[in-house]
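Going left to right, the sequence shown walks through residues -22 to -1, 1 to 512 as mature numbering (1 follows the signal peptide of the UniProt record, and there is no 0) numbers them.
Because the hints were derived from the structure by calculation, they are not lab data. Treat the hints with caution; some may be incorrect.
Below 20 Å or equal to it, Euclidean Cα-Cα: the simulated EDC-like pairs (lysine to aspartate or glutamate) are [to be verified]:
1) Lys253 - Asp417
2) Lys217 - Glu289
3) Lys155 - Asp54
4) Lys429 - Glu401
5) Lys192 - Glu289
6) Lys253 - Glu286
7) Lys177 - Glu286
8) Lys189 - Asp254
9) Lys192 - Glu135
10) Lys181 - Asp54
11) Lys217 - Asp417
12) Lys95 - Asp2
13) Lys217 - Asp96
14) Lys383 - Asp439
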Amino acid sequence: MSSVMYMLLLCLSAGVISVVQGEDPYLYFTWNVTYGTISPLGVPQQGILINGQFPGPNINSTTNNNIVLNVFNNLDEPLLFTWSGVQQRKNSWQDGTLGTMCPIPPGQNYTYRFQVKDQIGSYFYYPITAMHRASGGFGGLRINSRLLIPVPYADPEDDYTVLIGDWYAKGHTALKKHLDSGRSMARPDGVIINGKSAKGDGKDEPLFTMKPGKTYKYRICNVGLKNSLNFRIQGHPMKLVEMEGSHTVQNTYESLDVHVGQCFSVLVTADKDPKDYYMVASTRFTKKVLTGKGIMRYENGNGPASPELPEAPIGWAWSLNQFRSFRWNLTASAARPNPQGSYHYGKINITRTMKIVNSATKVFKYDTIQDEPPATVEDKVTLAPNVVNQTFRNFVEIIFENHEKSIQSWNVDGYSFFAVAIEPGRWTPEKRNNYNLLDGVSRHTIQVFPKSWAAIMLTFDNAGMWNVRSEQSERRYLGQQFYVSVLSPARSSGTSTTCQTTPSSAALSRICLSPLHTTPAPKLRSHHLRTMYK
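Based on the sequences and whatever the hints tell you, model everything.
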């Protein structure tokens, strides 16, 4: 009898151990968010710091890690962080958008809990409330591949995060007042790289150091507010290897257009004379070009960076052609062992087509947008709250059509989509003949050039409430966004997690359920959503 009991206890112990070992690792973080003095453009101003840092600390994770992040809000306003590109599988209640979470009140804290499930790649986080992103609070978020998954390039000597963006000296409070009064944000004051812009006076400290002959990985993200940026490095070509969670065909570029909200990973080899070199980020599609610089230094190098900066391309046709050169690496494995190309998205039947023309809608009321917009779509501003219902696991085509003279950038939370086409003019069903149905890159943010359209395809297989928004802060704040509700018919714990909220009170309820913004947007044209069915 005793031997039977011993064997039973042994089996039970083994079962407990196997359960513990089977759970994915946890990463714990504590953030103290405060105001502080920063000088990105050489002039002191108020910034938003995380643990005293600007930009904020990197989140360095691996596929399937569980993130537990306790945020203490020591600002004088409600605060909410979103994790751009993290899909939050079945967990939209941790996505950090105002349609699914209440902001953290001043003087209180909240613990985010989410898993970077089945993802790899380069991303970033930022505060989505009000115009807080204009004062900082952003940082890099990387998801490394698991050791058992092969990566289609040799391990780099080191892995660096490069956060580029336009910058306003006014700060978030002043910019918010501008928008609330019906004025535009106007042009930024400069461009920064990792919170700085080199002066070129010989006293600049390097942002990154490289050993001669070694190859390094740089994760470049545009965390700015308004402008597309061109990124380049003096004398150093860049081999593109990853884009927002997808391995790409490894083309080499002298420069890359990085639109607001987008991220690229490149390999750079230190094979030039050992000295300093400039990293350069400059605005695109603007009358006045603003430029930011940062020092990349060779270890034991001798000599300053050349004052002659590499030139940026001109016009958006160049940028469109570069987009067309991006290709999905069909043979590489991403977060799972199977090759990326084993998913043949081009052979899936489209079940719904949505056409979005500068949509500006708020939470929470279902299906108030008509199937066909009025003929005078450009003459009206709609302030009706809206959530678009999507059927679980439907394969949907979304057309973003831009009738304006300025570029736009759209983000879809909770998903990666296939960017199948960008073309000038208006979209028609015949344009499908020009789609890339083989190796379009799977990503989460896409640019729409002036007087042009962009087409994406995706399967709505992630149950929850998901934000579709302009990544340009001015447009998002003024209402160029909406939500997509994806309900699973199973209604089980395996398809969506239970709604979780931040500390509740009557005041918080008003914050959480009120429209994001109710001031008309005189600088933006009317925003409507056209939904068509096959």
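Tested hints:
1. A C-alpha spacing of about 39 Å is found between Lys253 and Asp417, which places the hinted pair above 20 Å, so the restraint is violated.
2. A hinted pair counts as satisfied when its Cα atoms are at most 20 Å apart, and Lys217 with Glu289 qualifies at roughly 19 Å.
3. Between Lys155 and Asp54 the CA atoms are separated by roughly 16 Å; this keeps the pair inside 20 Å, and the hint holds.
4. Proximity of Lys429 to Glu401 is assessed by CA-CA distance (about 9 Å); at most 20 Å being required, the pair is judged to hold.
5. Simply put, Lys192 and Glu289 have alpha-carbon atoms about 26 Å apart, too far for the 20 Å limit, and the pair is violated.
6. Distance restraint check for Lys253 and Glu286: the Cα-Cα separation of roughly 15 Å lies within the 20 Å cut-off, and the hinted pair is therefore satisfied.
7. The hinted pair formed by Lys177 and Glu286 meets the criterion: a straight-line CA distance of about 14 Å does not exceed 20 Å.
8. Restraint check for Lys189 and Asp254: satisfied, since their Cα atoms lie roughly 12 Å apart, inside the 20 Å limit.
9. Taken as a hint, the Lys192 and Glu135 pair is honoured in the structure, with Cα atoms around 6 Å apart against an allowance of 20 Å.
10. Annotation: proposed proximity of Lys181 to Asp54 is violated, straight-line Cα distance about 36 Å (limit 20 Å).
11. For the proposed pair Lys217 and Asp417, the alpha carbon gap of about 18 Å is at most 20 Å, so the pair holds.
12. Annotation: proposed proximity of Lys95 to Asp2 holds, straight-line Cα distance about 10 Å (limit 20 Å).
13. Proposed proximity of Lys217 and Asp96 is contradicted: the alpha carbons are some 25 Å apart, above 20 Å.
14. As the CA atoms of Lys383 and Asp439 are separated by approximately 35 Å, the hinted pair breaks the 20 Å bound.
In summary, the numbered hints that this structure violates are 1, 5, 10, 13 and 14.
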